[in-house]
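Chains as they are written, first to last, in the numbering used here: chain A, 1 to 111; chain B, 1 to 112.
Honestly, the hints are just simulated from the structure, not real lab data.
We treat Cβ as the ideally placed atom computed from N, Cα and C, and that holds for glycine.
Hints may be right or wrong, so weigh each one.
Stated by the list, open to error - Far from chain B, by Cβ distances over 10 Å, these chain A residues were calculated:
1) SER12
2) ALA24
3) GLN45
4) ASP55
5) ARG57
6) GLY59
7) VAL62
8) ALA78
9) GLN81
10) GLY96
11) GLN103
12) SER108
Claimed, not checked - Pair ranges (Cβ atoms, derived):
13) B:GLU75 <-> A:LYS42: 28 to 38 Å
14) A:LYS110 <-> B:ARG73: 17 to 27 Å
15) B:ASN99 <-> A:ASP55: 15 to 25 Å
16) B:PRO39 <-> A:PRO111: 23 to 33 Å
17) B:GLU75 <-> A:LYS56: 35 to 45 Å
18) B:ARG63 <-> A:GLY41: 25 to 35 Å
If you want the building blocks of each chain, they are given just below.
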Amino acid sequence: GESVGLHLPTLSVQEGDNSIINCAYSNSASDYFIWYKQESGKGPQFIIDIRSNMDKRQGQRVTVLLNKTVKHLSLQIAATQPGDSAVYFCAEKPEGGKLIFGQGTELSVKP
Amino acid sequence: KAGVTQTPRYLIKTRGQQVTLSCSPISGHRSVSWYQQTPGQGLQFLFEYFSETQRNKGNFPGRFSGRQFSNSRSEMNVSTLELGDSALYLCASSLVLGNTIYFGEGSWLTVV
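Start from the sequences, fold in the hints, and give me the full structure.
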């Protein structure tokens with residue numbers, strides 16, 4: 001069936017470096033994409049979203065890139081901090097459809 | 001503005017029992033959805049409600065049900081609990097269908 005997958009289940013970076021978390025999606029009808037951060041014992045926290053009519057969106061220290069040609073989504077975190085350590089989920093949603101989550105990538109930031 | 005509120009936060013039930021979980025969406029949000037999160041299956045969609053009507057349903061057995069009230073609050077019920085129902089149940093709300101979705105902290109259900 002349709003699914004969203006992550007290339008890397010774990011990612012370890014040095015504090016201060018930039019992080020890039022990747023995500024592949026398979027449903028070409030998806031027109032809305034979201035990145036969530038989930039810390040241990042907490043619910044997913046919204047980070048940033050992007051609609052299919054855009055290819056880039058920036059937030060505070062985060063940038064989401066969407067490449068519809070290859071069905072690829074990425075989350076870039078600038079100057080990664082220890083507080084960024086968490087599991088990051090991408091999710092896709094076709095219009096009128098349900099939100100489908102990827103498996104998650106665990107980001108570990110080394111001081 | 002208060003976030004999505006879920007109650008109870010933690011509960012333990014015995015196999016065969018039933019459980020009801022509650023969710024209060026962010027004020028003004030009219031769409032509520034529910035998800036089950038387990039280590040093995042990740043985040044899986046249960047159902048979505050808008051204006052008291054179920055708009056989408058995931059691939060879960062009929063033991064899982066939900067409803068939404070006129071004030072947009074929502075409840076989900078799981079009957080005849082099985083050990084495999086042990087999970088974190090997450091509620092999320094959005095202003096309307098298709099808008100940004102915000103999650104609560106979840107209800108941790110353990111079935112023994």
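Hints, one by one, checked against the model:
no.	hint	result
1	SER12	20 Å, holds
2	ALA24	15 Å, holds
3	GLN45	7 Å, violated
4	ASP55	19 Å, holds
5	ARG57	12 Å, holds
6	GLY59	12 Å, holds
7	VAL62	15 Å, holds
8	ALA78	22 Å, holds
9	GLN81	22 Å, holds
10	GLY96	7 Å, violated
11	GLN103	5 Å, violated
12	SER108	18 Å, holds
13	B:GLU75 <-> A:LYS42: 28 to 38 Å	22 Å, violated
14	A:LYS110 <-> B:ARG73: 17 to 27 Å	43 Å, violated
15	B:ASN99 <-> A:ASP55: 15 to 25 Å	21 Å, holds
16	B:PRO39 <-> A:PRO111: 23 to 33 Å	27 Å, holds
17	B:GLU75 <-> A:LYS56: 35 to 45 Å	40 Å, holds
18	B:ARG63 <-> A:GLY41: 25 to 35 Å	26 Å, holds
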